[in-house]
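Chain by chain, the residues:
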Amino acid sequence: MNDARPLRVAVADDALLLREGIAKVLEGGGIEVVASVGTGDELVEAVRGGGIDAAVLDIRMPPTHRDEGVRALETIRASGSTIGVLLLSMYATPEYALRVMQAGSGTGYLLKERVSEPETLVRAIETVASGGSVVDPEVVEQLVKRTRADDPISRLTERERSVLELMAQGYSNGGIAQTLFLGLKTVETHVRSILQKLDLEESPEHHRRVLAVLTLLGER
Amino acid sequence: MAPGRKGRIIRRTITIALAVALSLAMEISGFLATPADERPEVSYTTLHALVPLVFAACAGVAWHIGPARTPARLMIAFVVTWIPQSFYYVIGGWQWVWPVLRGVDLAWAVVAGILVLVYPKGRLSGRFDLWIAGIAIVSFVVNLLVVVLFAGPDVNPCGCAPNGYQLAEAPLLFAVTDIAYRIIGVGLALVIAGRLLVRWVRASVPARTVAFLMPVALFAWATTLAAQAVAYAVSPASATTAASAPDTVATDTAMVLGTFSLIAIASIPVSFDAGVSHARNMRARVADLMRITREGADRGLWAESLARTLRDASVRVFWWDETRGRYADAAGDPISDEDLGSRAGHSILPVASPLGAPIALIRHDRVLTDNMRLLDGVSSALRLSVDNGRLRSEIERTLEQVRQSRQRIVEAGVEARRRIERDLHDGAQQHLVSLGMQLRLSANAAKAIGDADLAADLERTIVTLNQALRELRELAHGIHPSLLSSGGLALAVPELAGRCPVPVEVEVQGEGRLPELIESTAYFVIAESLANVAKHSWATRAWVRAHVVDGDLVLEVRDNGVGGASIDAGTGMLGIGDRIDAVGGTLSVESPAGAGTTLTVRIPLGEAKWAAAEWGL
Numbered sequence: 001m002n003d004a005r006p007l008r009v010a011v012a013d014d015a016l017l018l019r020e021g022i023a024k025v026l027e028g029g030g031i032e033v034v035a036s037v038g039t040g041d042e043l044v045e046a047v048r049g050g051g052i053d054a055a056v057l058d059i060r061m062p063p064t065h066r067d068e069g070v071r072a073l074e075t076i077r078a079s080g081s082t083i084g085v086l087l088l089s090m091y092a093t094p095e096y097a098l099r100v101m102q103a104g105s106g107t108g109y110l111l112k113e114r115v116s117e118p119e120t121l122v123r124a125i126e127t128v129a130s131g132g133s134v135v136d137p138e139v140v141e142q143l144v145k146r147t148r149a150d151d152p153i154s155r156l157t158e159r160e161r162s163v164l165e166l167m168a169q170g171y172s173n174g175g176i177a178q179t180l181f182l183g184l185k186t187v188e189t190h191v192r193s194i195l196q197k198l199d200l201e202e203s204p205e206h207h208r209r210v211l212a213v214l215t216l217l218g219e220r
Numbered sequence: 001m002a003p004g005r006k007g008r009i010i011r012r013t014i015t016i017a018l019a020v021a022l023s024l025a026m027e028i029s030g031f032l033a034t035p036a037d038e039r040p041e042v043s044y045t046t047l048h049a050l051v052p053l054v055f056a057a058c059a060g061v062a063w064h065i066g067p068a069r070t071p072a073r074l075m076i077a078f079v080v081t082w083i084p085q086s087f088y089y090v091i092g093g094w095q096w097v098w099p100v101l102r103g104v105d106l107a108w109a110v111v112a113g114i115l116v117l118v119y120p121k122g123r124l125s126g127r128f129d130l131w132i133a134g135i136a137i138v139s140f141v142v143n144l145l146v147v148v149l150f151a152g153p154d155v156n157p158c159g160c161a162p163n164g165y166q167l168a169e170a171p172l173l174f175a176v177t178d179i180a181y182r183i184i185g186v187g188l189a190l191v192i193a194g195r196l197l198v199r200w201v202r203a204s205v206p207a208r209t210v211a212f213l214m215p216v217a218l219f220a221w222a223t224t225l226a227a228q229a230v231a232y233a234v235s236p237a238s239a240t241t242a243a244s245a246p247d248t249v250a251t252d253t254a255m256v257l258g259t260f261s262l263i264a265i266a267s268i269p270v271s272f273d274a275g276v277s278h279a280r281n282m283r284a285r286v287a288d289l290m291r292i293t294r295e296g297a298d299r300g301l302w303a304e305s306l307a308r309t310l311r312d313a314s315v316r317v318f319w320w321d322e323t324r325g326r327y328a329d330a331a332g333d334p335i336s337d338e339d340l341g342s343r344a345g346h347s348i349l350p351v352a353s354p355l356g357a358p359i360a361l362i363r364h365d366r367v368l369t370d371n372m373r374l375l376d377g378v379s380s381a382l383r384l385s386v387d388n389g390r391l392r393s394e395i396e397r398t399l400e401q402v403r404q405s406r407q408r409i410v411e412a413g414v415e416a417r418r419r420i421e422r423d424l425h426d427g428a429q430q431h432l433v434s435l436g437m438q439l440r441l442s443a444n445a446a447k448a449i450g451d452a453d454l455a456a457d458l459e460r461t462i463v464t465l466n467q468a469l470r471e472l473r474e475l476a477h478g479i480h481p482s483l484l485s486s487g488g489l490a491l492a493v494p495e496l497a498g499r500c501p502v503p504v505e506v507e508v509q510g511e512g513r514l515p516e517l518i519e520s521t522a523y524f525v526i527a528e529s530l531a532n533v534a535k536h537s538w539a540t541r542a543w544v545r546a547h548v549v550d551g552d553l554v555l556e557v558r559d560n561g562v563g564g565a566s567i568d569a570g571t572g573m574l575g576i577g578d579r580i581d582a583v584g585g586t587l588s589v590e591s592p593a594g595a596g597t598t599l600t601v602r603i604p605l606g607e608a609k610w611a612a613a614e615w616g617l
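Taken in sequence, the protein lines are chains A and B.
With the first letter of the first sequence counted as 1, position 203 gets the number 203 in full-length UniProt numbering; the numbers rise by one all the way through.
With the first letter of the second sequence counted as 1, position 361 gets the number 361 in full-length UniProt numbering; the numbers rise by one all the way through.
Rather than coming from a laboratory, the hints here were simulated on the basis of the structure.
Mixed in with the good hints, there may be bad ones.
Claimed, not checked - Listed next, the in silico DSS-like pairs over lysine-lysine satisfying Cα-Cα at most 27 Å (straight line):
#1 K145(A) - K197(A)
#2 K535(B) - K447(B)
#3 K447(B) - K24(A)
#4 K185(A) - K197(A)
#5 K145(A) - K535(B)
Only a predicted model underlies this, so the values are computations on that prediction, with no experimental measurement involved.
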């Protein structure tokens with residue numbers, strides 16, 4: 001990330017306390033919070049105003065408390081904006097994560113309680129702002145735990161499985177190497193082997209890889 | 001057939017056979033014992049012998065059509081007491097036998113008279129009838145005593161032995177009693193005939209059509225009886241035989257009278273049976289009316305069958321219209337003043353419920369008023385019909401209320417769970433998340449000022465807090481899956497399947513949404529079914545399908561487990577059934593032992609059919 005200027009972020013959550021808390025955490029991480037609103041519509045307005053690199057928003061907001069966050073994300077993407085969007089949810093639901101990821105690159109889905117892990121939150125915002133993808137490890141864990149007949153995951157080695165989980169969370173090869181203390185070349189080998197075993201095509205684009213892995217995990 | 005009934009039939013057959021045998025024996029032996037020159041014509045004798053046979057046959061019929069047993073017994077009594085005059089040639093020599101037989105000589109006439117009196121109910125009803133029967137029996141007994149104690153051997157045509165019981169020679173007493181007995185007999189016969197005629201005139205049209213035979217028969221008999229009595233009184237000697245029993249005929253006139261009399265007597269039991277069986281048919285038709293009532297036929301059909309039952313095509317039924325406060329016929333035309341009785345020859349029968357609420361007016365031919373029992377039956381049928389209808393609609397209304405209230409309760413339950421989940425989400429969970437965040441800030445601050453112990457403590461608290469959050473999340477999800485509210489079955493069912501320890505293949509059709517109650521019912525039905533699969537089936541695979549077919553949401557949960565599940569067994573299945581009932585759906589379970597279980601649920605979308613359009617159907 002280029003540190004020429006701090007990231008400008010908009011925060012949307014109907015709980016004022018949490019909104020302010022998030023702002024504080026982000027500011028502590030060197031991120032500038034330029035807008036703090038209570039609904040999806042207000043966020044869409046703020047994004048339309050320009051000058052925003054990323055948005056952090058709650059999924060459930062007024063008026064229906066259902067999926068306003070996802071709708072806001074879809075509206076933003078439909079308007080052609082490619083800013084990073086990080087959705088926060090009280091639940092780690094794979095089906096939802098998939099829907100969020102399908103909105104396009106620069107999108108993230110995290111459990112709300114990650115706000116107590118400032119590094120995670122800040123890193124996630126930086127990732128989506130730069131066009132990367134973030135999926136909460138809890139979601140991936142749930143997906144991997146799912147029991148399916150003819151499970152292709154069972155063909156993976158222990159190490160490949162760890163790599164796959166990080167791939168699903170949106171880690172780049174570099175990130176995976178760093179997290180697992182492996183060499184980049186080793187990670188690339190693992191990734192190629194995984195993609196081959198799971199019948200997935202090597203995609204040059206990072207986000208499409210995340211989506212493919214998630215879809216595979218969800219559908220298997 | 002009950003053994004009792006079989007025994008009764010055998011007993012009755014034997015009784016009839018014995019009576020017939022006795023009658024024929026008397027007739028034939030008498031005929032043979034009569035000197036050739038005194039014998040009546042064979043045709044007359046044959047006719048005379050046929051009369052008891054007709055009575056015996058009618059006794060069999062009367063027993064069969066029942067229910068009273070008296071008529072049949074009277075008919076049998078008639079057969080036995082129908083003693084031909086010629087029989088005295090057989091028994092004339094037995095001085096202890098013939099006087100008794102001579103005494104009961106006219107018993108058949110008493111029996112026939114009583115038979116007419118008990119028509120049609122099979123028993124004497126009313127003081128008048130009892131008096132008539134009493135007079136007949138008393139006269140019979142007095143005559144019997146006089147005959148036994150005072151009759152000389154010359155009272156019979158044959159040369160009889162002297163009367164073994166005779167107390168004294170009293171020809172005058174004997175003659176007076178004999179004639180008085182006959183006159184009383186004729187008088188009673190005429191009274192009975194008159195009474196019958198009155199009844200007949202008053203009877204309803206249908207009852208008259210068949211029962212006219214009875215008074216005609218009686219009148220014919222009474223008339224011949226009277227004619228013979230007159231002849232007897234004028235010249236007892238020459239007419240003795242003709243009057244005492246019409247089997248020996250002195251003149252052509254007496255011969256004609258005698259023949260006519262025999263036919264009239266024979267027609268009594270026949271018309272009795274015919275009248276009773278006709279009344280029975282009438283009752284059967286009322287029973288038909290009851291059946292139609294029970295089957296809940298419409299009002300037009302009911303009025304039609306009523307007309308058929310009463311054999312009165314002019315019958316009209318006007319039903320009470322609660323909302324308009326007036327009577328109207330089945331087509332809805334209100335009753336007019338003309339209908340209400342200004343038309344001659346009609347009567348109005350009001351029918352009301354036991355509580356006095358008006359039900360209907362039946363306009364019928366006035367003559368039917370005499371047949372109150374029939375009309376009673378008809379109004380009972382009508383009352384029953386209306387009561388049935390009222391009960392039915394009341395039950396349907398109550399059931400609908402129960403159904404609606406159950407649906408409201410279930411809806412309230414779903415809504416309550418949704419609210420609890422939302423309260424948890426917006427309240428406790430939110431606060432705990434904020435708390436975790438603040439603890440993090442505090443921990444960072446502690447670290448910044450170098451208080452590592454405090455920072456470590458705070459870190460541990462955060463870990464504990466996150467654990468609590470995780471548990472709370474699971475709890476809230478169990479109360480109401482937020483994914484269902486936001487994503488519908490298409491998202492929630494795969495998520496549900498993902499939690500099942502048995503691999504589940506999911507196929508949820510469409511992207512659109514269904515009404516909340518139906519979605520949540522379907523969700524929890526699938527959840528409980530999958531829990532059953534996981535707990536009981538030993539399955540290695542399961543399949544869940546949800547799709548809309550013909551306006552119904554059809555769910556299918558199938559597994560390849562051990563089978564043997566049933567709706568009755570276990571509360572899990574019961575809970576599923578209850579949920580489905582509440583939304584008016586149906587559940588079927590196919591679970592042959594060893595071949596897996598397939599649970600199929602149909603939930604009607606009802607007014608919510610528009611939603612199916614969103615499912616792209």
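Hint check results:
1. K145(A) - K197(A): holds, 19 Å
2. K535(B) - K447(B): violated, 49 Å
3. K447(B) - K24(A): Satisfied, since the Cα-Cα distance of roughly 17 Å is no more than 27 Å.
4. K185(A) - K197(A): Given pair K185(A), K197(A) holds - Cα atoms ~18 Å apart, limit 27 Å.
5. K145(A) - K535(B): Satisfied, since the Cα-Cα distance of roughly 19 Å is no more than 27 Å.
Checked against the numbered hints given earlier, this structure breaks only hint 2.
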